[in-house]
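Chemist: The primary structure of each chain is shown beneath.
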Amino acid sequence: MAAGCSAADELSARTGAASYCGACIQELTTLTGDPGGTPVLVSIERLDSDLMVVTLKRAGGEDFLQRHVAGGHVVLSLKDEMGWVSRPYTITSSPESVDHRVLVVRCLVGGRMGRALAECGSDSVARVSAPRGDAFVRLSRRRATVFLVAGVGVTPALAALRAGSGPRVALVHACFRDKEPGLTRLLAGACAQRSVPVVVRDCDALGRPSATDFTILANRYPGVDWYLCGPEGYVEVVRIGLRAAGVSSDRVHTEYFVASSSPSDPPAARSRTRAEGYWAKTGLSLVAAWCIWALLPTYKVWHEWQSSDVWRTVTGLVLVSFIAWQWFFPAVRKRRGGVAARRLELWHRAIGALSPIALLLHQRDLAYGLLCALSLLFVANTLVGCFDKTCIVDGSRRERYMQFWLPIHVVISCLVTALSVWHIIMVVTYQGTAS
Amino acid sequence: MSRVVFTRSRKRAYGAGVIALVALLALLLWPDAAWLQAAGKATPGHENLQCSACHKPAPGDLRQQLQATLRFLVGLRDSPVSIGNAPVTSAVCYDCHERPTERHPLSLLSELRFLDVQAEHGVQNCTGCHQEHHGVRVTASPKICSSCHAEDSVDDDPIVPDHASLFANGEWGTCLRCHDFHGNHNLSRGDHKFPLTLDEAVSTQGVIDHLGAGKRAYGPVLHPAKNLRSTK
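Sequence order for the protein chains is A and B.
Okay, so the first sequence: first residue is 1157 according to our numbering, each after it adds one.
Okay, so the second sequence: first residue is 126 according to our numbering, each after it adds one.
By construction, these hints were calculated from the structure, which means they are not laboratory data.
Don't take each hint at face value.
Calculated pairs, DSS-like style, for lysine-lysine (alpha carbon to alpha carbon, straight line, at most 25 Å) [as the list claims (entries may be wrong)]:
1) B:K351 - B:K181
2) B:K318 - B:K268
3) A:K1545 - A:K1437
4) A:K1545 - B:K136
5) A:K1437 - A:K1490
6) B:K136 - A:K1490
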């Protein structure tokens, strides 16, 4: 900036920042307050519920000055109430089409760009950078490439299919949610034009590809390059699967598809990590406190005020609300996807960590039989929650850890919920002794 | 609204959850595991009783009970009703534990002169001293005797040490070494209906065992509980 860069694209050109994948372009825009780039008209076509095809044309109707290379991206910038929002997108139109550029955009729940696009009318003016990057730079032009993509990670495959000079595509294997009809249509059309075989897997019905699938693919396409693009979890599963199927890791090229950052996101991400650690420690401390309470006979001093029906009803309702809220998280994940659920994840973790307090207030003693099992399972679940995936840094190990951790957490949660319902029924229908 | 990928590991996890729920349901329905659902360990001698031996259905069907509860909650009814099972009353205890030689009948303990001790210890009900699901025979403190007998005096007291000095020293734990609260055991020693010295009396540990879950320390039972053999 001292050298006179006043816009993000100038700063990027000068420093090389955001020139490879564009992930940090928002920081440059925030730093300079001006994204730079060419004014463009935006027209939007809804593809699926959260997907849109965005077509960009130069405001004056001229052609774009620079052709892009297959796998290149542009930075699209729109102005909202907080200022400029800039995001990199893979160009999915053919490099030969210089009069327009086509992007496929997934609108995340609460995402700035999605909101800005939804609010901008047809033919709204935005800014777009010059094309940059080449996602296929490491792919051999001599070997064919198999694309294994998921969701909106299909865009590199679209780019490769539409580029005459791009990599030779042997197969596109796409995992879509409920077949995502818009994306399926788009991909099928592009594959048909190039006579490339396409396999669309309905992940809602079939789940992610299995080890057998990877073995079949590896045997069917020996000596090809493998290009993986999609959410981090998907890419890790496929990467591990291909390695297990005997595919050399230098033939596997990955591109993670992650939600882009907003100006406040980096510190938010850091504070999120801190918060995850904080809540895990809080949960462990409270579990330890509960264990001490359970083991020491002095806990009986609580009885005086815990014996009243009103107190037990109120604290019982708090516990019921807690359990209901904790199920809200997987329900949101199931209905609205991982991104929406991620917003709730910290709340899920924080409330779970604090839950032993509610138990300590409600519980008078360790009880007996199934009621004792309920309280032990309740605390055990808090303990399990404290050792969730955030303990594991490495992505592939985290995936394996989740396969072991999740069933434990879900089974205990199911039992705690069922036993709580049983406990409520027993409390209501067995009223003890007459006074 | 579109749905998201329900990954195989999640499917496996929720499948395991369903299996766990089915196992829990089977456990809840298994008659031999009914004791697991109790609020606590049964009183000694009640281990083989079914829940229904004491927990009798409340009047009305579930719809009526819920309707009446709702009316009570919104102020259209003066008193609450029981849902499912009625509270366990002393009458249920008397079904098995009839006491023709009762020294402390509930009719006596329910008199107005015992209002304070009723409020403090609930002695007007069997459950004032014998709460179920605590795994012991008696849940009240032996010091309960002091509530009524602190100012008693015995003329020509034959025992050693005498009652007056025991009362003065607050040795309320010794009462039950010579006296059976309900008069349902034969504690006679020779020609005397009661032991005359603490050496002849039941040991302190014997009383503790008897009131707890241990061996019965008093003499032969005069009126054993009825109906126990007829229940599971």
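Chemist: Next step is simple, just say for each hint if it's right about the structure.
Modeler: Comparing the hints with the structure gives:
no.	hint	in the structure
1	B:K351 - B:K181	holds (18 Å)
2	B:K318 - B:K268	holds (23 Å)
3	A:K1545 - A:K1437	holds (15 Å)
4	A:K1545 - B:K136	holds (18 Å)
5	A:K1437 - A:K1490	violated (28 Å)
6	B:K136 - A:K1490	holds (11 Å)
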